[in-house]
Amino acid sequence: MNPQPSSPARAKRNTIAPWGAVLFLLWSTGAFPQTAYERFRQAWDAEGTGQLQQLVQPGVKDVPPCVHLLTEAALACRLSDDRNALLLLDSLEQAACRTEWPIRAAGLKLRSSLLVKLGDPESGLVAADKGLGLLKGKPFPDERVDLMVIRSEALMVLDRFDDAMAQLVPAQRTVDSTGYGKGGALVHFSIGSIHFHQGRYSDAWQDFRAAYTLAGASGAHYLAMNALSNLAGTAIMQKDHTLALDLFDSVLQRPSGISPEVLAQARTQRGYIKERAGDHAGAVRDLEAAVAQWAAMGNAHLQVQAIQYLATSCWNLGRKEQAMGLLEQASELAKRAGQAQRRAEILRKLSRWSAEQGDPVKALEQLRAYSALSDSLAKAKYNEALAAKEVLFGTERKEHHIARQQQALELAAAVDRRKDVQRAALALAVLAASIVAFLLWRSLRHRRKLAEQERELHLRQVDDLIQRNEISIMNAMLEGQEKERSRMAKDLHDRLGAMLSTVKLQLAALEDKVALAKGDLRAHYDKVAHLLDEAVGEVRRIAHDMNSLTLSRFGLAKALEQLCDSVRVSGRLAVDLHLFGLERRMDRSLEIVLYRITQELISNALKHARAKEIEVSLTREAGRISLMVSDDGKGFNPAQVAAGMGLENVRSRVASFGGTIQIDSTPGHGTTVSVEGPVTE
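So the sequence shown is numbered by my numbering: it starts at 3 and just counts up by one.
Bear in mind the hints are in silico, worked out from the structure with no lab data behind them. Among these hints, one or two may not hold up.
[What the hints assert, rightly or not] Pairs of lysine-lysine, BS3-like flavour, derived with a Cα cap of 27 Å:
| id | residue 1 | residue 2 |
| --- | --- | --- |
| 1 | K119 | K132 |
| 2 | K241 | K351 |
| 3 | K609 | K636 |
| 4 | K138 | K119 |
| 5 | K119 | K322 |
| 6 | K560 | K529 |
| 7 | K322 | K337 |
| 8 | K560 | K614 |
| 9 | K63 | K119 |
Quick caveat, the model's predicted, so the values are computed rather than measured.
Taking the hints into account, I'd like the entire structure generated from these sequences.
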C-alpha cells in the first residue's frame with residue numbers, strides 16, 4: 003500500500019440534499035421535468051454505473067436530451083472514458099439547454115474534476131469558478147460544496163496549500179448550515195490530504211477519521227473506504243501500528259450499519275498493518291477473509307490487492323510455494339480484469355521470488371513479461387496523454403469558434419446602429435484573437451513539455467534495465483569465478499594432494515635405511531620430510547580457502563567463525579568476530595560475496611598491516627547488510643593504494659550486489675573498511 007493519500011476527486015462524489023429538488027422547482031424555468039433531474043442525481047448518488055446505464059437506455063421516458071447528455075457524460079466519467087466524457091460535456095454546453103443553470107453547474111463540476119485529473123489544474127480552476135458563478139444566490143448548496151472541494155484539490159495539485167485550505171473554510175460553513183453529511187466528509191478528507199502533504203500526520207489522522215465517520219453515516223461507501231486507506235497510510239507514516247489496528251478492530255467488532263465493502267476494506271487494511279508490524283500469522287488470517295469477501299462481491303481490483311498482501315505475508319512466514327501460487331493467481335485475475343499496471347508489479351515480484359527460489363529460467367521469463375508489459379503501459383500512457391491533450395485542444399478550439407461567431411453577429415448588428423460600436427467590436431475581436439493565439443501557444447508548449455517528460459521517463463527506464471543487466475553479468479562472472487575456484491580446489495585436494503601424500507609414503511619407506519646412515523644424511527632427510535609435510539598442509543589450506551565447504555553446508559556465520567579461528571594466533575594475533583541478525587540464511591551468491599570480501603580484507607591485514615588485533619562485524623537489518631573489518635596495523639593512504647592490496651577486487655564484489663564501500667585509514671593509525679548494501683528478505 004502506498005501511504006500517499008487518495009484524491010478527493012476520485013472518491014466518487016455524489017451530491018444532492020433531500021430538499022434540493024424542491025428548491026430546484028423554485029429556480030428552474032420548467033424546460034424539463036423535475037423528476038428526470040432527480041433521477042439523474044439519484045443514479046449519480048448510487049456510486050456505481052448500474053443506475054446511470056439504466057437511465058440512458060433507449061425507451062426510458064421523461065428524460066430530456068440535456069439530462070440524457072449529462073447522464074452519458076457522468077457514466078463515461080465512472081468508466082474512466084475521459085475523452086468521451088469531455089466531448090459529451092462540450093455537446094452539453096452547446097445544446098439549447100445551456101441556459102439551464104442546474105444542469106450546466108453539474109456539467110462544469112464534472113469538467114473541472116476531469117481537467118484536474120488530466121493534469122490541467124489551471125483550466126480546472128476556471129471551470130470550477132464558472133460553476134460557482136452559476137450557483138451564486140441559488141439553491142443546491144451541496145453542488146457549491148462539491149465545486150469548492152474540487153477547486154481546493156486543483157489548488158493542492160498546484161502546491162498552493164494555503165489557498166486550498168482557505169477554499170475549504172466557506173465549504174465547511176455551508177456544510178454546517180445545511181447538514182450536508184457527505185459534503186462534510188469531503189471537506190475533512192481534503193483537509194486531511196493537505197495536512198498529509200505538509201507532513202502533519204497527527205492532524206491528518208483526525209481529519210481522515212472524521213471523514214470516515216461522516217461518509218459512513220451518509221452512505222458514501224467509496225469515500226469511507228478511501229478514508230480507511232488513508233488512515234492506514236497515516237498510521238504507517240507515524241510508525242504507530244497500534245493506533246490503526248485499534249481503529250480497524252472497532253470497525254470490525256461493530257459491523258452493524260456498515261456496508262460489506264467498507265468491512266472488507268477494513269479487514270484488508272488491518273491485515274496489511276499487521277504485516278507491517280511483523281504479525282505475519284495474524285495478517286494471513288485477516289487477508290484470507292478479505293480475499294473471500296472481495297471475491298463474493300465481485301470486486302476484482304481490491305481482491306487482487308488483498309491477494310498481493312496475503313502472498314507477502316505467506317512468503318515472510320516461510321510458506322514460499324503458497325506465496326508464489328497466490329501471486330500467480332493474482333496475476334491471472336489482474337489480466338482478466340484489465341489491471342495492467344498491477345499485473346506488471348506482480349510479475350516483477352514473481353521474478354524476484356523465482357530467482358530467490360533458485361529458478362533463474364522462470365525468473366527470466368517473468369522478468370521479460372514484466373518488461374514487455376511495462377513498455378506497453380508506457381506507450382499507452384504516452385498515447386493517452388496525447389489524446390487527452392488533443393481533446394482539451396479541440397474543446398478550446400470549439401469554444402473559440404463559437405466566440406468568434408457570436409462576435410461576428412454582434413459586429414453585424416453594430417454596423418446597422420453606429421460605426422463607433424463597430425470599431426469597438428473590431429478591437430474586441432483583435433483582443434480575443436490575441437488571447438486565442440496565446441492559449442494555443444501555451445497548449446502546444448504544454449504538449450511538447452509532456453512529450454519530452456515521457457521521453458525522459460522512457461530513457462530512465464532503459465538506463466535502469468541496462469544497469470540491471472550489467473549487475474546480472476557481473477554476478478554471472480563472479481559465479482563463474484566461484485565455480486573455477488571450486489574446480490581448482492578439488493584438483494589441488496584430489497590430485498596434487500594425493501600425489502604429495504604418495505611421495506610422503508614413499509619417502510617414509512626410506513626412513514629405516516636413512517636411520518643407519520651417518521653424517522648429514524639424516525638431517526637432510528628430516529628437512530625434506532618437514533618440507534613435504536608443510537607442502538601437504540599448504541595445499542589443503544589453499545583448497546580450503548578456494549572452496550569453503552563450511553560456507554555451503556552451514557552458512558556464512560559458521561564459515562566466518564572458522565575463517566577467524568584459522569588466522570587467530572594466541573598471544574600474537576587476536577581476531578574478534580561479532581555477528582548480528584544472521585539466524586536465517588541469505589542468498590547463496592550474497593553469502594559467497596561477503597565471505598570473499600571478508601577473506602580478502604583479513605588477508606590484507608595479515609600481509610600488509612602487521613596488525614595485532616583484527617575485528618570483524620557483520621550486521622543484518624531489515625533489507626540491509628553491513629560489514630566492517632578493522633585492524634590496529636600500520637595503516638595507509640587510501641588515495642595511494644598499492645597495486646597488490648586487492649582492494650579493486652573487493653570493490654568489484656561490492657558493486658556486484660549493489661553495495662557501497664568506505665575505507666578509513668591513515669598511516670600509523672590502523673584501517674577500517676565498511677561495506678553496506680541491500681539484502682532481499
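Hints and how they fare:
1. The hinted pair formed by K119 and K132 meets the criterion: a straight-line CA distance of about 18 Å does not exceed 27 Å.
2. Between K241 and K351 the alpha-carbon distance is near 25 Å, which keeps this suggested pair within the 27 Å criterion.
3. Of the supplied pair hints, the one linking K609 and K636 holds, its CA atoms being roughly 11 Å apart against a limit of 27 Å.
4. With a C-alpha separation of about 25 Å, the suggested pairing of K138 with K119 holds against the 27 Å cut-off.
5. Between K119 and K322, the direct Cα distance comes to roughly 39 Å. Violation of the 27 Å bound is thereby established for this hinted pair.
6. Between the alpha carbons of K560 and K529 the distance comes to roughly 36 Å, so the proposed pair goes past 27 Å and is violated.
7. Distance restraint check for K322 and K337: the Cα-Cα separation of roughly 23 Å lies within the 27 Å cut-off, and the hinted pair is therefore satisfied.
8. Among the hinted pairs, K560 with K614 is consistent with the structure: their alpha-carbon atoms are about 23 Å apart, no more than 27 Å.
9. Simply put, K63 and K119 have alpha-carbon atoms about 33 Å apart, too far for the 27 Å limit, and the pair is violated.
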